[in-house]
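J.: Below, each chain spelled out in residue letters.
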Amino acid sequence: MSTPPTPAPPAEAPEEVSADHEKPLIEAARRGDLDAFDALVRRYQERIYTTLYHFTGNHEDAADLTQETFIKAFRALKSFRGDASFFTWVYRIGVNKALNFLKQSRRRRTFSLNDLDERGARDVLRRLVSETTPLRHIGLRELQQRLNAAMQKLSEVHRMVVILHDIQGLPHEEISRILRCNVGTVRSRLFYARQQLQGLLSDLIS
Amino acid sequence: MEPTHESFEKLRRLLELKRHELPPPGFHDRLARSIRRRLESETAPAKASPWALWTAWWRRLGWEAALSVALLSVLAALYGLIWFQGKPGSPGNAPAPMLTDVAAPENGVASNHTAGAVAVASNLPPALEGLARETSRPGRTSGPPPGLFAPGAGLNPTPASFRLDGPAALAPERGSNAIGSNANLRPLPPR
Numbered sequence: 001m002s003t004p005p006t007p008a009p010p011a012e013a014p015e016e017v018s019a020d021h022e023k024p025l026i027e028a029a030r031r032g033d034l035d036a037f038d039a040l041v042r043r044y045q046e047r048i049y050t051t052l053y054h055f056t057g058n059h060e061d062a063a064d065l066t067q068e069t070f071i072k073a074f075r076a077l078k079s080f081r082g083d084a085s086f087f088t089w090v091y092r093i094g095v096n097k098a099l100n101f102l103k104q105s106r107r108r109r110t111f112s113l114n115d116l117d118e119r120g121a122r123d124v125l126r127r128l129v130s131e132t133t134p135l136r137h138i139g140l141r142e143l144q145q146r147l148n149a150a151m152q153k154l155s156e157v158h159r160m161v162v163i164l165h166d167i168q169g170l171p172h173e174e175i176s177r178i179l180r181c182n183v184g185t186v187r188s189r190l191f192y193a194r195q196q197l198q199g200l201l202s203d204l205i206s
Numbered sequence: 001m002e003p004t005h006e007s008f009e010k011l012r013r014l015l016e017l018k019r020h021e022l023p024p025p026g027f028h029d030r031l032a033r034s035i036r037r038r039l040e041s042e043t044a045p046a047k048a049s050p051w052a053l054w055t056a057w058w059r060r061l062g063w064e065a066a067l068s069v070a071l072l073s074v075l076a077a078l079y080g081l082i083w084f085q086g087k088p089g090s091p092g093n094a095p096a097p098m099l100t101d102v103a104a105p106e107n108g109v110a111s112n113h114t115a116g117a118v119a120v121a122s123n124l125p126p127a128l129e130g131l132a133r134e135t136s137r138p139g140r141t142s143g144p145p146p147g148l149f150a151p152g153a154g155l156n157p158t159p160a161s162f163r164l165d166g167p168a169a170l171a172p173e174r175g176s177n178a179i180g181s182n183a184n185l186r187p188l189p190p191r
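Which chain is which? The protein sequence lines are A and B, in order.
Oh and the first sequence: position 137 is 137 in the numbering used here, straight run, nothing missing.
Oh and the second sequence: position 42 is 42 in the numbering used here, straight run, nothing missing.
The shape of chain A in the complex, shown without the other chains (with noise of 0.2 angstroms):
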């Protein structure tokens, strides 16, 4: 039996831990070695993929996407010039290739659940039952769907900031550095956002 995939851990400050130790692998991927793009896939593509994904609210959509970001990032490696971390680089292209994808197909998607970590969202969700009482009645996976769809409501940058914050635990001014705007307007799009949530989901945090 397979051992479960332990899930992404919230985004620490990257640029911290890893822009000296990636410099060489970006001066040989900019030369065209495909090992050393290679590693920076591995690094930074699962925490791409779950932004999309949390995003797109779709598996094959953040699949596709994901591989669109890594293969733009390669062909635009020559005009990185390394102003934000590669991690924030990489992450604005995702970004701004999920909002054109959704921009594109305005058509409603179906939410494809992937698999979920049953051990560590049941923690989650004991620690939760114990401050909130309607938390009692629900199922796991019926939580999750209200989760999904309440996100699906909000706007997209509200969505994004939501994602960014909240799920990955970027900092504000990351979040800013990757969207291109300022820390205050990720503020105001945040709490907005928190406040559109509250009200989706007010049966069950009260």
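For the record, the hints were derived by calculation from the structure and aren't laboratory data.
Here the structure is a predicted model, which is why all the values come from computation and not from measurement.
Which residues of chain B face chain A? A partial, calculated answer using Cβ under 8 angstroms:
hint, residue
1, 18
2, 21
3, 35
4, 38
5, 39
6, 43
The calculated lysine to any residue pairs, modelled on SDA-like cross-linking and capped at a C-alpha distance of 20 angstroms, are:
hint, chain 1, residue 1, chain 2, residue 2
7, A, 72, B, 28
8, A, 72, B, 33
9, A, 23, A, 92
10, B, 10, A, 145
11, A, 153, A, 99
12, B, 10, A, 143
13, A, 72, B, 39
14, A, 103, A, 154
15, B, 10, A, 201
16, B, 10, A, 148
17, A, 78, A, 24
18, A, 97, A, 85
19, A, 153, B, 8
20, A, 153, A, 59
21, B, 10, A, 191
22, A, 23, A, 93
23, A, 72, B, 30
24, A, 72, B, 34
25, A, 72, B, 36
26, B, 10, A, 196
27, B, 10, A, 202
28, B, 10, A, 199
29, B, 10, A, 192
30, B, 10, A, 169
31, A, 72, B, 32
We put the beta carbon where it would ideally sit given N, CA and C, even for glycine.
Since chain A is already given, all that's left is putting chain B on it; use the hints.
T.: Just chain B now, with coordinates in the frame of chain A:
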């Protein structure tokens, strides 16, 4: 509902549940490989040395599949060879024809064409030997092969030729939809 710090905190913890939504096992590995494949196929034409293409293809295929393809190719080649050897009339069964020189004919035009290497299979039956000799000379001849339409052979070929019967032939006949219908074509009398 009035947003409070406490309710925002509950919402944030609820959203943490989404961190536990995961793709199927091995998905990220496959995704990385497919990105690599796409990049390889994009960069391949730039450095399209046969060896690079071969190694890229081999890596993509995997050794099990490559081995299967190689084995099937060998089996197909062997089967084809055996079938070809067993076929009647194949070069493996029939004796090889002996090539001999043939003298050029008296006809000057033909001799120009046939001067050089003209070969006739010498082991043909006697009835076909003459015909083979004739057909092996690709010279210009005015008539059919000798003997084919010889007097008394019962064959009287009539040339099939037609002539348009004057300018009226192009005008459609009354009641006919066709322009220049076959009714206006008169067969010529045999010469």
